Amino acid sequence: MSILLGKLAETLGAELHGDEDCRIDRVATLQCASPGSVSFLANRRYRTYLPNTRASAVILSSADLSECPVFSLVLDNPYLGYARTAALLSPRSLPSHSIHSSAWVSPKAIVHETAWIGPQAVIEDGVSIGEGVYIGAGCTVDQRVVIGDYSQLTANVTLCRNVVVGKRVLIHPGVVVGSDGFGIANDNGAWVKVPQLGAVRIGDDVEIGANTTVDRGALEDTILENGVKIDNQVQVGHNVFIGAHTAIAGCVAIAGSVRIGKRCVVGGSTAIAGHLEIADGVYLTGASQVTKSISKPGIYSSWISVQESFVWRKNVARLHQLDEIARRIKALEGSSKVQGSC
Amino acid sequence: MSILLGKLAETLGAELHGDEDCRIDRVATLQCASPGSVSFLANRRYRTYLPNTRASAVILSSADLSECPVFSLVLDNPYLGYARTAALLSPRSLPSHSIHSSAWVSPKAIVHETAWIGPQAVIEDGVSIGEGVYIGAGCTVDQRVVIGDYSQLTANVTLCRNVVVGKRVLIHPGVVVGSDGFGIANDNGAWVKVPQLGAVRIGDDVEIGANTTVDRGALEDTILENGVKIDNQVQVGHNVFIGAHTAIAGCVAIAGSVRIGKRCVVGGSTAIAGHLEIADGVYLTGASQVTKSISKPGIYSSWISVQESFVWRKNVARLHQLDEIARRIKALEGSSKVQGSC
Amino acid sequence: MSILLGKLAETLGAELHGDEDCRIDRVATLQCASPGSVSFLANRRYRTYLPNTRASAVILSSADLSECPVFSLVLDNPYLGYARTAALLSPRSLPSHSIHSSAWVSPKAIVHETAWIGPQAVIEDGVSIGEGVYIGAGCTVDQRVVIGDYSQLTANVTLCRNVVVGKRVLIHPGVVVGSDGFGIANDNGAWVKVPQLGAVRIGDDVEIGANTTVDRGALEDTILENGVKIDNQVQVGHNVFIGAHTAIAGCVAIAGSVRIGKRCVVGGSTAIAGHLEIADGVYLTGASQVTKSISKPGIYSSWISVQESFVWRKNVARLHQLDEIARRIKALEGSSKVQGSC
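As they're listed, the protein sequences go chains A, B and C.
Residue 257 in this note's numbering sits at position 263 of the first sequence, and the numbers go up by one each step.
Residue 299 in this note's numbering sits at position 305 of the second sequence, and the numbers go up by one each step.
Residue 110 in this note's numbering sits at position 116 of the third sequence, and the numbers go up by one each step.
For reference, chain A alone in the conformation it holds in the complex:
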């Protein structure tokens, strides 16, 4: 796949500085690019590589234009331009439609004739699979699951019973959708299981990263709205609701019945306690801990950077005495006033 620079600029809606007939056939980073490739500058950290890049052209914002030694495509959002260019130059090649001989497909499942079912996959009774769907090797699709058109399960994905997946959804290996939520009731010291009777409903254009788990609802459904993007190893508890176009980075833990608004960004390794509400447009930086609802959009944090251990040990010991320290300050302030009044 290749494209002329002028055509690429037109497709992206970019301002071209350079030869419109220059042929581009791949994307590359600034530091590894060679002629024939288009690169991009979207993160200031990598600006240092711009003056020496060997790319044929660079997608960048006007602020960096003057430093660019090669052709350039100017866009307000160069990262978006790069994403589109990469998709253009590297179209995903899907296998021609077929059901692999080693897959097991229930005769009581409905599979569109253009769908692809990979080796060792399992499609159970009552499943419905739409047009152009790709079910990779080793996937297990349990009873009555519905998968919308052009969705893809890469490999070894598990969809439990009654899960509903929208259109153009992309689910990576090891993902489990629809496992039981953690519902237990205490009976004199022992635990009694609370049956998990809801399902999971996933909207259109959702992406779910490797080994992420999304629990089914206890009574009502767990819901991921359209355009939600979830990274690897995220845990989504039962009855969680995630609003449209919210992005959640890796290793986030979302406890049961949390409601997250639309267009939020949740940094990696964040933990959100159960039954909380998070407003639309909230940005949580990495390793945040959320123990109360957040009602206003904004940027929130609670990370603690590492220090050299011998320093940190002293500081954290004081943290464990902090209330007492604060009281001592109050006392000092009191005595200071008294003295001042002398």
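Think of the hints as simulated: they come from the structure by calculation, not from any bench.
Just so we're clear, the structure is a prediction, and the values are computed from it rather than from any experiment.
Using N, Cα and C, we set each Cβ at its ideal position, and we do this for glycine too.
Misleading hints may appear alongside valid ones.
[To be verified] Simulated restraints on C-beta separations:
#1 C/86 <-> B/102: 16 to 22 angstroms
#2 A/286 <-> C/180: 23 to 29 angstroms
#3 C/184 <-> A/125: 19 to 25 angstroms
[As the list claims (entries may be wrong)] Computed, partial: chain A to chain C, Cβ under 7 angstroms:
#4 223
#5 239
#6 317
Mind docking chains B and C on chain A? Use the hints.
Then chains B and C, alone, in the frame of chain A:
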């Protein structure tokens, strides 16, 4: 499945306020209930939905009785009552016994005639599978594993060699039990693997959530006692011991050789360092970090809630100077005393 | 498998105190050992078990020699001696070479005649599998993956397209290597996927724990150098570079484009933010949060131990006011000086 309200009250040991002949056929949340369903009130957050519920009856504690607009079943522990009602009204339907044609079962395995082996499952040499056991699609059961009566592996579960699973154990998709622990010995800068020779022994009535991992012991076994309940994406290191009826929420990391007592509750995203002992009856709130043994029952915490980032940044910068700050207070107290003595 | 104590001492390069003809056939912990077994003392916590051990011999350092009631093998690094002894006495028994009848192997894959392909495994087009490789039950090896000699995928491992695995690599169940990194570009509130076009390259002698995920690079490759050891449930983002002989404990989250040096040790539950560089020889204790690059070797920390909750709640409330508290101290210091100057 349906039941008369009077019969339900009797089964639960609840005090009935209402018509014993009212027919109930499902459970529902207060806000989504419609006639024919029974709801429950167990968490004060949801009290606001009680006055307008359309449920036929509500399971609640006597404190909420006066606010209930419909029939009620009064119990000290309404959540337990709900769990039992849901199980009653939604019995799990298991397939009739059979070994699926696409499964591979070693002729050297012993499988009870009432067990069910799903599509694409693998049962290796020397495995022993008890009465009424359910092995879901894509599960791999390695050599010499023993699975007790009525246990269920939902789908895509991996049990490594020599693992022993008790009765009525429920294991969700993506779980790995018996993988090697992280044993490495340093040899002049390179790592030498320490063979992991122990097994994992799981008691009766244990539940293990999706994508959780339980490592085999290095020499002795990793042990989960009866009634232990573990949520999704929990890591249990080698030689860990978890006492009976302890519940562990999602994304908890338990390092090797930790010993957790009976009837503990471990909040989600907690991390427990290696070789520690935690007494019976310890409650760790979410996102706790445990770096020393805990010898007394009680509630322990170390979470930090998010603040708006521009505020948090200043606070965490001070945290990194906290020991010095504490020293300055001490100095002030000293000078204050001196002044006081003037 | 058994060995005479004299021969074992010679193999380990240990100083023997005892009968060289004593026969040893297994390793055991100090507290569970019985005659015929060799034990070890490498962690001071377990010193208390030494005087009463029933092992035939103990591997220990000279500091503990005087307390040893039985034969002893003295080494500077007893843990390494134990690792080697365990490997010697418990050689891994591999099946004789074969491709299982229920596996699916593409006719366009190259599989060495000594390789072993387990039940329900999938080997796709263009895959290359070296000498003595073990592919366990249920593994999926996607197009053009290369697996070096004597590597082992235990079971249910997913290797995505184009992944390159070195020699003697050991990958545990549920691992996903080569899933898409989390690349999304914002387009007026909705997210556009950034195609992930790089691969993952894994060196020789690497070990990867259960349910760990390693993302493919966005453009260039994600790289794990020789001798890297990774525990369970670790997330390695796209374009991460991990230097030779670095060890990473369980549940660590490494965001995209992080560069970790050689011979680092990363404690469990650590989170490392994107695009950072960590020097060679850095040791991060458990639950560290890294938000800036670390340029010097050393030990770094940011953990916070639990306290009883009623105490912690007060301390963390003060932490949220810490900047204000520090300002009040400064004010006091000012007024104190003024007073002092009176």
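Outcome of the hint check:
1. C/86 <-> B/102: 16 to 22 angstroms: Once the Cβ atoms are compared, 20 angstroms apart, the range 16 to 22 angstroms for residue 102 of chain B and residue 86 of chain C holds.
2. A/286 <-> C/180: 23 to 29 angstroms: The hinted range 23 to 29 angstroms holds for residue 286 of chain A and residue 180 of chain C, with Cβ atoms some 28 angstroms apart.
3. C/184 <-> A/125: 19 to 25 angstroms: Roughly 23 angstroms apart at Cβ, these two residues keep to the hinted range, so it holds.
4. 223: Residue 223 of chain A check passes; min Cβ-Cβ to chain C is 5 angstroms, inside 7 angstroms.
5. 239: Residue 239 of chain A check passes; min Cβ-Cβ to chain C is 5 angstroms, inside 7 angstroms.
6. 317: Holds, about 4 angstroms.
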